[in-house]
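Novice: Listed below, chain by chain, are the residues.
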Amino acid sequence: MISFYLNGQPYHLDNLDPNLSILNWLRTNMRLTGTKEGCASGDCGACTVAIGSPHPDGTLHYTTTNSCISLIGSLHGKHLITVDALQQQPPHPVQSAMIEEHGAQCGFCTPGFIMSLFALHQNQQGQPASEKDLLETLSGNLCRCTGYRPILDAGRKAMVETWTPGAADPKTQESAHPLQAPDMAGKLTALANQPASIEADSGAWYQVPTDLNALRDLRRQWPESRLIAGSTDLALDITQQLKTLPQLISVERIPELLAIEDSADSLTIGAAATYESFRPALSRLWPAFDPMLSRLGSRQIRYRGTLGGNIGNASPIADMPPPLIALGATLLLDGPEGERSLPLEEFFLDYKVTDLQPGEFIRSVSLLRPGPNEHLFIYKVSKRLDDDISAVLGAFWLRLEQGAVTRCRLAWGGMAATPVRSPAAEQALTGKPWNEATIKTAGAALAGDFKPMSDARASADYRRQVAANLLRRAWLSTQTPAQPVTVTDYA
Amino acid sequence: MRRLPVNSPAPNQSARHLAGASVAHDSAWKHVSGQARYIDDMPEPEGLLHAAVGHSAQAHARILSMDLEAVRSAPGVVAVVTADDVPGHIDIGPVFPGDSVLASGLVEHVGQPIFAVAATSHEAARKAARLARVEYEPLPARITIEQALAAQLFVRPSKTHLRGDPDAVLGQSEYRLQGSHHIGGQEHFYLEGQACLVEPTEDQGAFVHTSSQHPSEVQKLVAEVLGLPIHEVQAEVRRMGGGFGGKETQAAPLACVAALLVRATGRPVKYRLARADDMIQTGKRHDFLNQWDVSFNAAGEITAADISVSGRCGHSPDLSDAIVDRAMFHVDNAYFLPAARVTGHRCKTHTVSNTAFRGFGGPQGMMVSEQVMEDIARQLGKDPLDIRKANLYRPGRDTTQYGQTIEQHILPDLIEQLEKTSDYRQRRQAIRRFNAGSPVLKKGLALTPVKFGISFTAKHLNQAGALVHIYTDGSIHVNHGGTEMGQGLYIKVAQVVATAFQVDLSRVKVSATRTDKVPNTSPTAASSGSDLNGMAALDACEKILSGLVAFGAEHWKVPAEDIHFADNQVHLGDTAVDFADFVQAAYMHRVSLSSSGFYATPRIHFDHERGQGHPFLYYANGAACSEVIVDTLTGEYRVLRTDILHDVGRSLNPEIDRGQIEGGFIQGMGWLTMEELVYSDQGQLMTTGPATYKIPAVSDTPPDFRVDLLADSPNREATVFHSKAVGEPPLMLGISVWCALRDAAASITDYRYSPPLNAPATPEEVLRAVTASELWLASAMEVADE
Ligand SMILES: Cc1cc2nc3c(=O)[nH]c(=O)nc-3n(C[C@H](O)[C@H](O)[C@H](O)COP(=O)(O)OP(=O)(O)OC[C@H]3O[C@@H](n4cnc5c(N)ncnc54)[C@H](O)[C@@H]3O)c2cc1C
Ligand code: FES
Ligand code: FES
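The listed protein sequences correspond, in order, to chains A and B.
So the first sequence is numbered by full-length UniProt numbering: it starts at 1 and just counts up by one.
So the second sequence is numbered by full-length UniProt numbering: it starts at 1 and just counts up by one.
This is chain A alone, in the form it adopts within the complex (with noise of 0.2 Å):
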């Protein structure tokens, strides 16, 4: 049995499909039409909902999230908010303004604008939210209608508005709106330290073990199933592909794959630990990350995607391998044969093959503290600016002493079957004056190191060409007087 609230309510749920989206159980199973479908791919935003969990602090916190990619076994613990919590007077502020400011045309992309600036709403506590954090907000909600000013406008209006839901029933004492009800952050720490599962009729289920043990004993158990994480890219086998994955056993509730330890000589961080939770420790260590990291996926991609699913799934194009590997990591591999460690760089065995063994999963990643004249350079080449799949990343480490080039690392995605290095290049650079002459060579290098694809991203030229224009970026970001060199830098 899962138990989680939605808008208030208690729900305990136990024979149903795991395989469940927590937009088909709103959609389908309880009629709540509010929360709309519009890609069923976590893309567009409109089934966007929010997710209180409990912080240790003893409030609640807010996360949005896809419903249309999550799972319903991930309510396990949760409060769900749909935009129907929303139906009373006074309206939310959020809604106010949107009326106000006309950012609804057709409505359809609304409920899920409404949902991504509530919960930026709750977080922000009346003040106002930084014209960068707004947009992070808005990142994953498309509107093919307004062109965004108006929805802007209305996020900015809002956030400094204050909300009191409506008050409670004189008659009964009891909170009259969903969003009232008394000491929730207490309720949900209860269950959700309580291992759940899920079982359907068929015999498939979903498992929601609490501590590494149990998970072990699950992978030992069961080396088919499947493990889950965000499903951020595994729930698009279920939504897309319309594949059956009878067997999951979700790691989001291991302490030891949450934690995220910051060291007086490293950074471990779990395989569990999402982009959002993640994402300030790793900035502070390589502030590199964090631009990258604002445009990876989406916010609401952001709150579920974890880095042990994003090297997991072993995807070329994933964003976080190449720098990454580029520093060197390590990954903590456990499972029934024990832990095991292992470069991040000779996971990746072939297009989506890696040294995972049948029972293991990820545990953590480990990469050292800069050390003197290190440097990172980490570039994502897109289509679009925000929530989009890079068709060439390239994340450069190198150590600069006395104007060369002592030591370099190049990793790459989008440019071969795996996230790779380019050897020739790197040895271009290495030993060499960090100057424009060296920038060409290891350019030119490039050319034999890899041979990339042509697809709707990019074709294999571009990439060629691109990749060695990011080098020459990373150089001329070195040099003084500092110029811009990217288009995100400018504005």
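What the hints contain is simulated information worked out from the structure, not anything from laboratory work.
It is possible that part of the hints are untrue.
Example chain A residues on the side facing chain B (calculated, C-beta under 10 Å, incomplete) [what the hints assert, rightly or not]: (1) 27; (2) 92; (3) 103; (4) 104; (5) 106; (6) 110; (7) 148; (8) 381; (9) 485; (10) 490.
For every residue, glycine included, the Cβ atom is placed at its ideal position computed from N, Cα and C.
Dock chain B with the ligands against the given chain A, drawing on the hints supplied.
Specialist: Below, chain B with the ligands alone, put in the same frame as chain A:
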């Protein structure tokens, strides 16, 4: 006896929210609280089944066999139908034949429906539809415009508009340029995918809830497919979650398939397309190959033009005849072509049949003259804005190549104004300075106008009907033939009706568009929604008013001239009666409180044989100035600022109009920049979802975005309160971004060279233009060195 409602009289204050007020969309609260119902949100009728289709995997092939056993026996499947099960018409082409409701024998594009399934759930139907075993014999497939042109394969005959003797002028001209470009197509990406719910009615008929811009066509085609008279089928549209032209003809096939399944099962059937199926199975904006040969004088004025536009129509005509017509009508955009030949080809390819999309071919045609303006400027070493201004239509140079005279010259002043308010000249200088000091990032700037012809070019569509009732409490109910897709048509028509009776807008309700309320309607398209339906509603109001005035004159014994509707009251000489009380009195005296209304656009005609006439009642105009920054290492870019000045005549609702302008601009920008449809050589669409097909997202909106409506510019034509259409024209303001990107690339050569740039100008395409400019510069320097 009937007891009449007790009215609480409205305060006699000026009626609120009449035409001209910026009132919120009538569904605004429902939108923001998730209570606005779209098709898939409607309460589900008892016994509802869900539909899916199996579609062709090949672009062009004969079907040798189709084994549907596995489909029939899949869990939840209740019925499977093929073309053999169609009781009536199989061909459902909207204007010309060519579209089968279900193909049999021959398939002509990937995604063409070949059978349909009804099952107990959406998932069950979709899963079952994938189980068919189909054997094909592949036939040669033509996928590109070039392939179709080479094979002279057209869905409709080519046409030419000719004025003067362009060949003679071209041959003698000192200045001449030739060129061509590809302009990509565009997926509508309405957020609500295609959907309908069809219920069986008595006498084997059907009631169709549909997300369609053209309920009358849905009604007619469903009736034809079922072999019924039209009156046995009714269609209703409450609202769409976006249309943009994509639900003009593309909604009907779904309704027809669902109706066949209703016939087969006797149960209600819902059919909604999953996003990938929607993108694969339904038509899009036509991509075009445009070619030109243009001569001009030393001042940069065009003296002659020979232009051909070739649209990729896909496998069937659909609306392509009129779409390529409109491309031909707009190759001039805002510029006078003294001698011209304009040829339009309707290329047949083995791809999905392309269809209406905001602008309807006009935008693709306009791209020709906008590129030419820049190319002339580069050749003469002038600012493109000066070349644009030199070529604008103005008195004395005011007839189009198809013979229509421009009667109201809005653009010269409008551009002058925008040039000032956008600081075009100062920014041009600032950009030159910036670029000189910035080796990697380059800025570009462009100010481009739009002139867009308003009216359907198929003359008979320029008509509309409405139905207005007043109830005995003074509340008013309106139906009209237009559909609501977010553009605010319902609120605008409601404002028109409130204005006609001078009552608060809150008294007026517009409800779902239904074929049994207003028959034989035209699609809500061609930006005509409020022009046509506003006028029809006004006509209905005027008919009711004339009955009411006659009644008032007789009952209160005042001359008709002394009766005025104002301030929620009826003023009868010295007396004033509350509107609702007056209406009750009229009812008690057996005066009709209901009327239909009708409107047909005057003055329009066109002779398609001669290619001459007056196809448009008027033109809508606007201009945009966009500034971009381009990364010359990757081709990535951003729009930094856009200023828009647009003419909507005397606006019915300024904020709604502004929404159309901003949204249209962003959509046009998306079309010309990041929205790329990629097909394989085998004709398979590779960009089948928002993961690979990128429409503008929130960060793409210019951080500095200034939009103004042109002040004091009532439409000279007798349109509804002298407003102007606003649905499509702003899309073409997005051309300013495309031109600005090209300008940034040209800056590398100090604006001496005009690099090629196809649309969409993705980062990859922009990098190509940058590289071409760099190569040009390198060879120019070599020549200079020698
Ligand atoms: C709209 C959208 C945008 C996206 N944008 C980007 C982007 O910009 N850049 C990018 O890189 N990715 C992007 N992705 C892909 C995806 O979000 C990321 O790869 C994400 O990190 C996957 O994490 P997850 O937790 O959701 O993984 P899941 O979907 O839960 O799992 C993915 C795979 O990893 C396996 N797995 C999960 N956890 C473990 C573990 N601990 N050990 C071993 N295997 C494990 C699963 O079994 C599964 O095979 C996007 C996805 C969507 C839907
Ligand atoms: S429906 Fe599009 S993101 Fe979920
Ligand atoms: S209002 Fe229509 S998609 Fe946003």
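Novice: Hints the structure violates: just list their numbers, smallest first.
Specialist: none
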